[in-house]
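Peer 1: Let the sequences and hints guide you as you build the complete structure.
2 protein chains.
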Amino acid sequence: MVDKFRTYLGQFAVFTETEIDLVLSKATVKRLRKRQFLLVEGDVCTHSAWIVQGLLRMFFSDHTGKEHTVEFAVENNFISDRQSQSTGKPSLMSIDALENSEVLLFALDDVDHLIETIPSLAKMSRRASTSQIGFLQNRILLSLSMSADEKYKVMRQQYGELMQRVPQHMIASYLGVTPATLSRVRKKYEQG
Amino acid sequence: MVDKFRTYLGQFAVFTETEIDLVLSKATVKRLRKRQFLLVEGDVCTHSAWIVQGLLRMFFSDHTGKEHTVEFAVENNFISDRQSQSTGKPSLMSIDALENSEVLLFALDDVDHLIETIPSLAKMSRRASTSQIGFLQNRILLSLSMSADEKYKVMRQQYGELMQRVPQHMIASYLGVTPATLSRVRKKYEQG
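Chains as they are written, first to last, in this note's numbering: chain Y, 1 to 192; chain X, 1001 to 1192.
Hints in this document: simulated from the structure, not taken from any laboratory.
Beta carbons are placed, not taken as given, at the ideal position from N, Cα and C, and that holds for glycine.
Among these hints, one or two may not hold up.
Said to hold, decoys possible - Derived, one-sided and incomplete: chain Y residues facing chain X with beta-carbon distance under 8 Å:
id: 1; residue: V74
id: 2; residue: E75
id: 3; residue: P119
id: 4; residue: S120
id: 5; residue: S125
id: 6; residue: R126
Peer 2: Take a look at the structure:
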């Protein structure tokens, strides 16, 4: 787990062992069973979760109870509701585990302090944020401009083997299409 | 212009005069006429623009030439294609001015260096990024889960008077609805 996190950080910047130890000293390990919630709609999102192992999703339940998938996150990624973190207001979304998972939880105050103390972490955080903003801008571009077929194709490229780990109705809800449309699109894709 | 930028920075963190002078020393003032491009699809996005005055939009042109609005940005906001910035690859999107505008341009390398030099700027950058990620996550949530009526209502709340400054077909393209649908929704909204 420590090695995985060290490798992850090393992608973005150079860290000393002492710095990595300091970061890890602020982490709480949490195990989640499949279907267990990490964040429940209505609670304020006070932590960021880095996924050691497993698969989480962030979703919104509309007034009919239908669930809309905003994000999937697998190993080596962070997940959190940034709007709730940014405003301090209750989250509109929930985060749950789609598989038995293990995460490292970091309290926001600790993250702020760590970033102020460790320049490499500040750099890593900036790069990760820029990359996430780019990903979300691109997701909006896709949702506005592309057909179901094209969106599915891009999702296959971006998510690869994740697609095998997620129930089809959640992939449909991520793409904003009906399960019937997804089924048609998949058949077409698989036939090449 | 200097005062406006100082007020903007002051919302996020405390800066000394020297720090603000240092930040401003890296800015290039650029005036854009209405319809002028700041970034053209196919170019790498190497700068972030802070809008002193005016209105810009970032959009994607699909293969039929139809334009899809990913972001609007008015005074006191930054705009840039973060995916191109993050990957160093050519932008899929363009940024143009919808009004005569004035922006401060910051080269990415300068921003990196400034953030490493000025702790308050690092804090400001983190807060602004968290807020932007939250906004984009929320935008995805809306686009997946809400009707045209609801999306329009939320956009009115978020953008207020901006809505008067933008042509209707661009608002429709931001919401991902047809101009005819937008026209119906607006009538309904205005009748209360």
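Peer 1: Okay, which hints does this one fail, numbers in order?
Peer 2: 1, 2, 4
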